[in-house]
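**Q** For reference, the chains in residue letters:
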Amino acid sequence: MAEPALGVAGLVKSFGALKATDGVDLQLNAGEIHALIGPNGAGKSTLIGQIAGTLRPDRGEIRLYGRDVTHLDASGRSRLGVARTFQVSSLVDEFSALRNVMLAVQGRSRTSYRFIRNVMNDRTLVDPAREALDRVGLSKRADVPASELSHGERRQLEIAVALALGPKVFLLDEPMAGMGPDGSRALTGFLHRLREEAPILLVEHDMDAVFALADRVSVLVYGRVVASGTVDEIRNDPVVREAYLGEPAA
Amino acid sequence: MGASMPVSREAVVSLTLILALLAGALIAQASGETFYVTLATRIAILALAATGLNLALGLGGLVSFGHAAFFGIGGYACGILAIHAYNGEPMILGLPGTQTMPVIWLAALVASGLVAVAIGALSLRTSGVYFIMITLAFAQMIYYFAISWPAYGGEDGLSIFVRDNFPGVNTLKPLPFFLICFALLAAGLFFFGLVRDSRFGAALQAARQNPVRVAALGMAPFRIRLVAFVLSAMMTGVAGALYVDLNRFVSPSMLSWQMSGELIVLVVLGGTGRLAGPLAGAALYVLFEFLLGGMTERWQFFLGLILLLVVLFARGGVVGLLAGRARHG
Ligand SMILES: Nc1ncnc2c1ncn2[C@@H]1O[C@H](COP(=O)(O)OP(=O)(O)OP(=O)(O)O)[C@@H](O)[C@H]1O
Ligand SMILES: [Mg+2]
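Protein chains in written order, with my numbering: chain A, 1 to 250; chain B, 1001 to 1329.
For the record, the hints were derived by calculation from the structure and aren't laboratory data. Note that CB positions come from ideal geometry on N, CA and C, so glycine has one too. Keep in mind that the hints are not guaranteed to be accurate.
What the hints assert, rightly or not - Taking beta-carbon pairs under 10 angstroms as the criterion, some of the chain A residues facing chain B (in silico):
#, residue
1, VAL69
2, ASP73
3, SER78
4, PHE95
5, ARG99
6, PHE115
7, ASP122
To be verified - Part of the chain B face toward chain A, derived, beta carbon under 8 angstroms:
#, residue
8, VAL1007
9, ARG1009
10, ALA1011
11, VAL1012
12, ASP1197
13, ARG1199
14, PHE1200
15, ALA1202
16, GLY1218
17, ALA1220
As the list claims (entries may be wrong) - Over the 12 angstroms line for every Cβ pair with chain B, so calculated as not near, a few chain A residues:
#, residue
18, PHE86
19, PRO167
20, ARG195
21, VAL231
22, GLU233
Chain B with its partners taken away, still in its complex shape (with noise of 0.2 angstroms):
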């Protein structure tokens, strides 16, 4: 062993991926046609809120159907602090809010990953469709708590006016805040990766496959799925918050099974469990939803086609055709 590993086919084809993305933002820039730059923007937050679940769901096998929620914290907590920095209003306990988007984010990480470790205690005992179900019965109390919230908009939302601002970046400008997007999703994806391969990794993966193995191994299978729900939540909900700037508005929409479902799609449509699975899937939606859009108001109605075939005929989604099987070392 030891020996310099071939670089896979599958790395490749991440590699082509991610750089394909920031040559488009790059190239839409240069011909001006900024529009598509806010479309790449768009890509990199849905692929980091897909990675972020890509963990727990590809990895961990943890079918959330509930991480509109912690996409919805993320945003609510970019939202809230951005507000009230706005108004000069301090927040409960007196708190000033803030524009400063690493402090937005570092209160998105938190807040959603409290909200996880909550969530994620109660809902996994349980497993299969059941799973399924608490998670999403948690994200819509959570939604409904949020409709029922006059404070921040209830059921018509927030909107920030101002997007929020990185030290020495022009965040208003379309390139640079898709360069902060792009930056982000680049190391959500690295460490995606580097879990994937870590030994926190293995035991995850082989949870998925054989809980009954890996308890005899000596590892608690509970414990490892609660560890990687909580990370799941957190990379989705620092997706949120950027969402959120890039809308410069927050709705409870962002915390609706509408929502968590599109977010398994992203995953399925993409790979479920690959490195770059989740940016496939999220290219092709946005991509999707872009053209078809724009000609009929079914589009959705062909993403559904698309995704069947996926799940009929290539099990490894976009990814999988590309880059065959994954490998298990």
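Next comes chain A alone, as it looks inside the complex (with noise of 0.2 angstroms):
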């Protein structure tokens, strides 16, 4: 494919005089996982959140499958396609787990001003979100409300959203964080077979999970891309390993 499914270029985001994202280039492609790794506070999210719509930015321009989105709000990029999960869960805490899905499936479908059918007999909204709930393995907590569900289940039902919106893109902020070892190893599976639908922006800090799935990894350190390469580049990149991965350079 021609068009890479995100391209970012010159991207700049201050807060104040701190600078978070400072010239950012960074390119998806159609079937791959691109993984975002860097230090605490490097302007992971922040960008995250600039691609999704959430944030601003001051500068520099995000196209989506080459149409630039970069004067679109939030709802506007969900519905060309861009889902995202948020590093600290962002759910709707008083609807069970169905429902937040359904909702997921409504924003879909746009629509969103029908008054008069009950959602909970509304099968075009419930059959989907199942099938999401149980494709993350959480079919059994559906009526739980999101308050009540564990740090992990509230995890996976944000990956279940994500997967109801059918998106076109996926920015995965710190997926595995808090997952604990099996729960990061069923992701890692699941994220394996998951770039096939849609390509994915990774951010993660789990290494493990990163080098087992990765087609390429970026480097953010301080708001810029220090590195962009393979797993083996990056691995045996001195820079990297100096600035991110706190060793010393041979």
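If you follow the hints, you should be able to join the two separate chains into one complex; please do so.
**A** So, in structure tokens, the structure goes:
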């Protein structure tokens, strides 16, 4: 495919004097997992926020399959096929797990201005939502309010919600965080297959997962991409080892 | 799914409260105590007004401190149409007045809806305390406009002398008029229930809890809230028209900030976001006013005390106490 799924060019974002994003160029191609790693505070979540449309960049451009989406807000970008998960799970807490996913199905189908039919009897919402819950292994907890789910279950629900959007691009902000070793391993297997559905920009601190999954890795430090390449290239890059993996240059 | 859901305790509580209001009015009528029929009518009308607010406040989390504007606009729509029909003088644009209730209600719906589009479009860009203050400010502007508008009574308000009519019903008698108000309240509650359980309601309630998530799902919280705000205002507007027919009088006090506060009190007292919350709140409020108002000028003090207890200890209001916590499928 000629156009990358996602193209970020010359992106800049400052919080006061702090340059959280400092001239970032990044591409995500169809069928790939592109991992974004970097130390705490490097600006990974800030970058995800700008791509998802919740944060406005000061400068630069974001393209989705060639189309300039920089001027669109978060809901506009979601409608074009950007699905993001939040580093800190961000769900509708009073709603059950099922209803959280149903809301995503509803958002995807753009049918929020219907006033009559009871959503719980609406199979066009319930069935796809159950399917998404099933895929992440959360079916048994479908009727539990999101606020009463465990931390790991909330992370799974975030993924189910993203799946239900049927997106063209996934932005996953630390999906493994706090999942435990078993959870991480299961999710790694899941993401491995998910890239067939849509490419994934994956922010992750879990290096085992990153090295197992990523087709490409970019390293972000102080808002700049200091290195970008295959897993092997990144592993052996002396700058990366020093700046991020915390080892002295060989 | 698809299996029939068990009837919730909340549904039972709601139905009981609604039937109790109807039974109360019928019993009062049968025992010749028409004053109590009027009291029940007042409850029905205030409950309808507060059910309108409950759509915005309860489902949407939009703490409008300006809903008296819509109550009053509905009231003035009624008063103005009725007085012109009474004098036979045409209104602006040469339109005739009318004393037919359904036409008046339509006018109240349209007028309050249009004003709500304008107020909502501006105020919904803010949130929290700013939203409260801006809705209050708009309502105050309309209040002062009404005061300084001598054509319709200014500060003194406007009497409409005879109650408006409804085809085939003698509205001058207390019970038929109560039944009209009761029917509209029932319709309002039915509509509230539909909206709450619909896709729109899901989006609205989700936008209250987590607007960032809602936007990430491709929905626009602002537009959803605006639609809810307008629907909410329209319902409160129709209640305003009924209120004027009940009292045969409309005055700027219907537009006052005290009225806005009273509507919020009704909702919170009864149970924010609960179907029958506004009805429970209105019943409690009117009965309190009647029972204690006769004994002491300070009945509002006791009302405040109850409100304080509700806010501190019973977040779900009266309905919460009776039916337990709200369920969300
Ligand atoms: N809304 C904000 N206002 C001011 N500063 C912010 C804001 N959001 C983020 N920052 C700052 O920008 C920098 C980048 O933050 P960001 O959350 O993007 O880092 P991150 O790479 O995701 O870190 P982590 O690995 O801890 O999640 C940090 O210094 C952070 O304090
Ligand atoms: Mg982060």
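**Q** For every hint, state whether the structure bears it out.
**A** We went through each hint and held it up to the structure:
1. VAL69: 13 angstroms, violated
2. ASP73: 7 angstroms, holds
3. SER78: 4 angstroms, holds
4. PHE95: Interface hint status for A/PHE95: holds (5 angstroms vs cutoff 10 angstroms).
5. ARG99: 6 angstroms, holds
6. PHE115: This hint holds: A/PHE115 lies near chain B, its Cβ roughly 5 angstroms from the closest one there, short of 10 angstroms.
7. ASP122: Since the shortest Cβ distance to chain B is 8 angstroms, the answer is holds.
8. VAL1007: Violated: closest Cβ of chain A sits about 14 angstroms from B/VAL1007, beyond 8 angstroms.
9. ARG1009: Check failed: Cβ of B/ARG1009 comes no nearer than 17 angstroms to chain A, outside 8 angstroms.
10. ALA1011: Not OK, violated: B/ALA1011 not within 8 angstroms of chain A, min 13 angstroms.
11. VAL1012: It is violated, given that the least Cβ distance between B/VAL1012 and chain A is near 18 angstroms, above 8 angstroms.
12. ASP1197: With Cβ-Cβ at 4 angstroms, under 8 angstroms, it holds.
13. ARG1199: Holds, about 4 angstroms.
14. PHE1200: At about 5 angstroms, which falls below the 8 angstroms cut-off, the nearest Cβ of chain A leaves the hint on B/PHE1200 intact, so it holds.
15. ALA1202: 5 angstroms, holds
16. GLY1218: At about 4 angstroms, which falls below the 8 angstroms cut-off, the nearest Cβ of chain A leaves the hint on B/GLY1218 intact, so it holds.
17. ALA1220: 5 angstroms, holds
18. PHE86: The claim is violated: A/PHE86 sits with its nearest Cβ about 8 angstroms from chain B, within 12 angstroms.
19. PRO167: Its Cβ does come within 12 angstroms of chain B, the nearest being 10 angstroms, so this is violated.
20. ARG195: Holds: least Cβ distance 21 angstroms, greater than 12 angstroms.
21. VAL231: Answer for A/VAL231: holds, closest chain B Cβ roughly 30 angstroms.
22. GLU233: At roughly 33 angstroms from the nearest Cβ of chain B, A/GLU233 sits farther out than 12 angstroms, so the non-interface label holds.
Hints 1, 8, 9, 10, 11, 18, 19 from the earlier list are contradicted by this structure; the remaining hints agree with it.
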